[in-house]
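Now for the letters of each chain:
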Amino acid sequence: MTSTARKVITHGTCALIGVVLMAVAGDAATTRLTSDEDSVQSAGPQGAQAGQSLPSRPRPRAASPGKKGYTSRNYREAWNAISAEKGISIARRVSLQKEILLQWSQIDLHGAMQAALNSPWDGGETEGGIDALIPAFSAAFRKNPEEAWDIIQSGSLGPGSAFFRDQWVESVTSIQPRLVLSRLALIRDSQREGAVQNALRSAAGDDALRTDLLTSLSASGISTEARDRLLYLAVGVSPATGQPSVYRDQLLSAKNEAESALALAELTYSLISVGENLNSATEGLPPDAQKKVIGALVRSPLLATDPVAVMDLALNADQGKLVLGKAAAYSLLRYAAGEKSEEVARWAVSLPSTSEAEVVVGNTLRFYFSNNFGNARQIIESIPPNSPRRDDALGYYSRIAASQQNNLAEADWAIESIKDPAKKETAQEWRRQHDEGQN
Amino acid sequence: MDFPPALPYPRTMATHLGAVLLGGLAFWGISPAEDRSGANETDHQRWRSTDRAERSGATTGTLLLQEMTRDLPPPLAGASPEGARPTGPDQQNADADALPPASDVRAAAISCLSSFKEEYSPKEFSETQSRLLHWMRADPEGMIGYVCSLEKPQPYGNSSYLMSQILNAAVQRAGAGAALGWMRNNPAFSETFAEQMAPHFGAAGDVRQLEAFSEHLGPAWDNIRDEALKAWPIEKGDELIGFLEESPDLIIQYASMKSDGGAKWLLEVLKSGKLDEVTRQALETDVQFRNLLVFSSAMPAELRIREIMRLDPAQSEAEIRRRVIANDVMNALNSGPDLRYAFRHGRITGEQVYQDIASRLPGLAGASSAALRRQIYQELAEEDPQAAMTILKDLPPDARQDAITRAPLDMFGDMDPQRLYDFLQTIPTDGNDAAWNTRLQTWEERTYRNQERLGNDYITWVKQLPPGTDREMALVGLITNEYDQLPPAEAQDLAKEIRDPKLLARLEEVRKKREEEGQ
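Listed in order, the protein sequences are those of chains A and B.
Position 287, counted from 1, in the first sequence is what this note's numbering calls 287; the numbers after and before it change by one each time, with no gaps.
Position 206, counted from 1, in the second sequence is what this note's numbering calls 206; the numbers after and before it change by one each time, with no gaps.
Bound-form chain A, shown alone (with noise of 0.2 Å):
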């Protein structure tokens, strides 16, 4: 044997010797690193960074191993020993990360969020990030909801709780109607809509479960006005099918606010699908219910679908505040951009001339106008020559017809045909600001 072949075997079984070394040291460290690891995850992370104890996280249940017997363990090795695939592109890298979560999230669910949130949370599939991985908790999610939301709430998991109880919403709602509806106040605003759309969704054709779910989201404790939202929205997916007076009733008969929330979405929606002369709506209430019912309907999609039928209900109610302040002539505005559009006009040039209807015909003539400048003169004609709104249409005419068509011959003749002399002053002043602005 040669010298040089003798070293290369004395120095090749040393190496080997370093490799079992360190093998044998290997697991001693993997067994040490793993129970640290126990205790700052029972601890949770945030609160060992920042030196304060959080809510120790739910123990999963008992874990059952996984496909083929694997353990968490086999998955957080599995996991990491992704990084040794050399070269490995960030879709590839992706995919496999997401088919770990996806069997690993189902034997310990813990685990499996604590992997996903050390993974980079900026970008989704092209960078490689966190929006990538947490759809595949999904299936986790909807095996087993309650637990997942346990975990998800205990805090234990940080500021990344938030990946995951959208997701858990996103996923649980069309299998578990009442259960995330029961959480509606522990589920942030920008999801709410997308989760009581859904739950109601699922409940198409089972009236029991429908109840069930108005009920729960009516007494789910969000503010007044979110509820109300959201009541007209689940109504609107699902329909009643009952007679308005059947909503009257449970009107009248409600025994707290959160149950009259859900009679009054109920008979709003009622009216619209039986199409009952809305004249009658508020038949037989006592004076409060009726103001509530016609509140209600000034608050809801009726509004959209007859919204002259539903203004005149409150004129003539004596509710003129309800339609005139400025939240709803807001809606108007709205209104006055669809098909109604010309409607709405026509309506708000016939309003008595009171301070109150002063903003919802200044708002609806300037925005109907600018849209349908070919229009204007037609509706300003049909307004009789001794109504006060005939000046005031014409105003709106001669500043949209200078500011937004630069046809100051009509904008003049607008401003000549004003009749009231303090109206007239008014639109020459806007004329000669028009001027200025353009100098």
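Some clues are possibly wrong.
[Stated by the list, open to error] One side only, chain B facing chain A, incomplete, derived with CB under 7 Å:
1. T60
2. M68
3. H345
In short, the hints are calculated from the structure, not lab data.
All C-beta atoms, glycine included, are put in the ideal place defined by N, C-alpha and C.
Since chain A is already given, all that's left is putting chain B on it; use the hints.
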């Protein structure tokens, strides 16, 4: 006789010991340069150390991974053109060619449709498709008329998936000109399928055809235009200018849709003298055009930097360079091997990442190697700040410090806020005013996205931070975030926890500004 030395074979012993050591290191799978101290590790880092240690005993896990690797579908067919099966319209036409047409193509197609169900087998789907294509080829208007007359929209009616597949295949074979005829003769068809037809008109690259298509659609064209422009070949871009009536917005929109080729084309158009002066000036001063140049990584970086400097002399060269480099580095990191991931897991060093990217961006590596190092450092600082430091080692101390101080603001968007916090703990809070302002700006700017993504969980996290400058700055971020305003009472409570006079002054400044804007 030779006497043995006092220490027998010292050199041999040393080299053998070295071999033992190397064997150990080989086992850990890391080079000496990459071994990092475990001291001061965060929990994230400790977790990663656990990963490293566990790699040692990972036989079952490795097998599991191998099993998954085997089970996962191979990369998309597009990646290997030789073995790729034709898909989409080409495949459907080939399938229809392979099936002999029935003597009565109409009856055969209708018979297939009558037994067509919501849930079909691939074979059934393919046969139905082929029979319909036979009919479509023989009598397109008869077939379209029949489908549009069906009341039930699913599963094979007017707007079904099945129909959209067939029409794509048919127009592929018959050409966009033929499709125009179908649309003119059947308004229902036109309404439903105009958007789907648009790319065919774009890809044909025939201005007269495109004009006829847009005229036929009338006002609906505005909503469909992008689909056609996207497909319009860049080699024929010049012919499109007249059609777009030299609208600077539409020209830039078109160029932006053509990924990297668009900017090059637009620069050539601007220099060709083909545009009227008003359009040329409008294009040259449009910020969207400058952004397009920043994003067009396929063009040489120095050329883009030069052009942007010409178009926007007010902007500093350093800032333009920074934006171009940031874009190109991000694109490089998002393609090829997953360098960020390998670095995060200690598989490669920061210097290796730099060398890899520099070899792919030779223009930048030559003229802006310091700026390139700074950018790659900042990208990698998100993954492992300490290990990333090696990239900066040859930079002058000021440049190095600036790269570190600015990293949280220039990078760290959408990161785990704990990582941002941990990184900031390595930067002293008693630095100069500029550093202090950068730090506050970082917290203020990060708050918007953190609240948007993490909601109340972010607020909870901020509240449990240990007392100090970063906690107070994070609170200021929450109180001043105008996109997601806290309820006034909660904002007031949080404000009570702020002690730093400079931060209190900042709150007052924002309060006054809001008050003025509110008036």
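Consistency of the hints with the structure:
1. T60: With a closest approach of 5 Å, the T60 (chain B) hint holds.
2. M68: Because about 5 Å separates M68 (chain B) from the closest Cβ in chain A, which is inside the 7 Å limit, the hint holds.
3. H345: holds (4 Å)
Violation of the numbered hints given earlier is absent; every hint is satisfied by the structure.
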